[in-house]
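Chemist: Sequence:
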Amino acid sequence: MSGGVDSSVAAALLKEQGYEVVGVGLRLADRPKVESFHRGCCAPRDLADARAVASKLGIPFYVMDVRESFRRSVIDSFISEYASGRTPVPCIACNQVVKFDYLAERARGVGAECLATGHYARIVEASGRLALARSADREKDQTYFLFGMTQAQIAHTLFPLGDIEKKRTRAIARELGLPTADKPESQEICFVPEDDYRAFLRSEAPDIDRPGAIFDMAGHRLGSHPGVTHFTVGQRKGLRLGGGGAHYVIGLEADTATVVVGERSDLERESFLAERISWSIPVEGDEKRLSVQVRHRQRAVPCRVAPRDDGAAEVFPEDPAALGAVPPGQAAVFYDGDVLQGGGWVA
387 MSGGVDSSVA AALLKEQGYE VVGVGLRLAD RPKVESFHRG CCAPRDLADA RAVASKLGIP
447 FYVMDVRESF RRSVIDSFIS EYASGRTPVP CIACNQVVKF DYLAERARGV GAECLATGHY
507 ARIVEASGRL ALARSADREK DQTYFLFGMT QAQIAHTLFP LGDIEKKRTR AIARELGLPT
567 ADKPESQEIC FVPEDDYRAF LRSEAPDIDR PGAIFDMAGH RLGSHPGVTH FTVGQRKGLR
627 LGGGGAHYVI GLEADTATVV VGERSDLERE SFLAERISWS IPVEGDEKRL SVQVRHRQRA
687 VPCRVAPRDD GAAEVFPEDP AALGAVPPGQ AAVFYDGDVL QGGGWVA
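For the sequence shown, the numbering used here begins at 387 and goes up steadily by one.
Some hints could be false.
[Claimed, not checked] Using C-beta positions, here's what the derived DEER-type ranges look like:
hint	residue 1	residue 2	range
1	K442	S651	52 to 60 angstroms
2	L608	K442	36 to 44 angstroms
3	S664	E704	42 to 50 angstroms
4	E639	Q684	20 to 28 angstroms
5	H682	P597	29 to 37 angstroms
6	E639	E491	38 to 46 angstroms
7	G630	P597	19 to 27 angstroms
8	G630	S664	40 to 48 angstroms
9	K442	E670	27 to 35 angstroms
10	G723	L659	21 to 29 angstroms
11	P592	G697	30 to 38 angstroms
For the record, the hints were derived by calculation from the structure and aren't laboratory data.
Just so you know, even glycine gets a beta-carbon here, dropped at the ideal spot from N, CA and C.
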């Protein structure tokens, strides 16, 4: 229970269905300036809200200290990815390692049969295996962030909100008089104060920025920059190059502190490599026609996926312009219709 309306209603629905529900909040922060930040998931104020909801529902509530695991698997990875010129997705790492691995294991240790969350996702059977499927509310669908779930994890997970829309979630919360009914959604990275990831990186790793040069696709130097952590592939704002025409970040080379810019069309990729793929439904044969999504809330683009023996796959989007920028470090998630087939990381 993160202290938001979604996990609050998920707990309420499970209790209504006859489950013995135990609420658990996560203590994630390990530094005072982060812990005092109150607009992110599982901050102190949010945990107080979760406790108030649990009291209203008449269920026990506990706070689990996962700071060490969160630091190692989410924050440290976030910093190292940016330092390498990649664009991380910390929510996916949190789901994979902290929630559906670390937390689920401890839940089983105290006799819990399932772990339930307020994610908007459904669980289905496809090709003789369990898989995730898009939620009834497409705008709120969160399967993109859950692609790494294993068969065992899916089998012991419940998503009570998968078949309802967000507006219905809020209506249920109001009907039950839950204190989180009208609480706004948090859009920020939970451990980054004021949503300023650059300031966070500098505070955590003071030497992370190394000034360098900005070049165009032909190798002409156009200007300088304070460090590659200030950019992501596809970015347009903040380059401060002046002159005519728009410039987009096409590539980042952390070793040489180089930023390469070009036109929007230079972002289009006829193919790209996704590595460390987790398949819910493995691809049979040399390749399969699926759809790929490389950012949350993006419309999935039809593609061909050709798995390799090393756990990676070549991805060939049918419409590279529709897919847009494909930043290294982002998740590439594959769907067959509404069913999530698997996902990996853009190389």
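Chemist: A separate judgement is required for each hint: does it hold in the structure or not?
Modeler: Structure-based check of each hint:
no.: 1; hint: K442 - S651: 52 to 60 angstroms; result: holds, 54 angstroms
no.: 2; hint: L608 - K442: 36 to 44 angstroms; result: violated, 58 angstroms
no.: 3; hint: S664 - E704: 42 to 50 angstroms; result: violated, 23 angstroms
no.: 4; hint: E639 - Q684: 20 to 28 angstroms; result: holds, 26 angstroms
no.: 5; hint: H682 - P597: 29 to 37 angstroms; result: holds, 31 angstroms
no.: 6; hint: E639 - E491: 38 to 46 angstroms; result: holds, 39 angstroms
no.: 7; hint: G630 - P597: 19 to 27 angstroms; result: holds, 25 angstroms
no.: 8; hint: G630 - S664: 40 to 48 angstroms; result: holds, 45 angstroms
no.: 9; hint: K442 - E670: 27 to 35 angstroms; result: violated, 49 angstroms
no.: 10; hint: G723 - L659: 21 to 29 angstroms; result: holds, 24 angstroms
no.: 11; hint: P592 - G697: 30 to 38 angstroms; result: holds, 35 angstroms
Comparing the model with each numbered hint stated earlier shows that hints 2, 3 and 9 do not hold.
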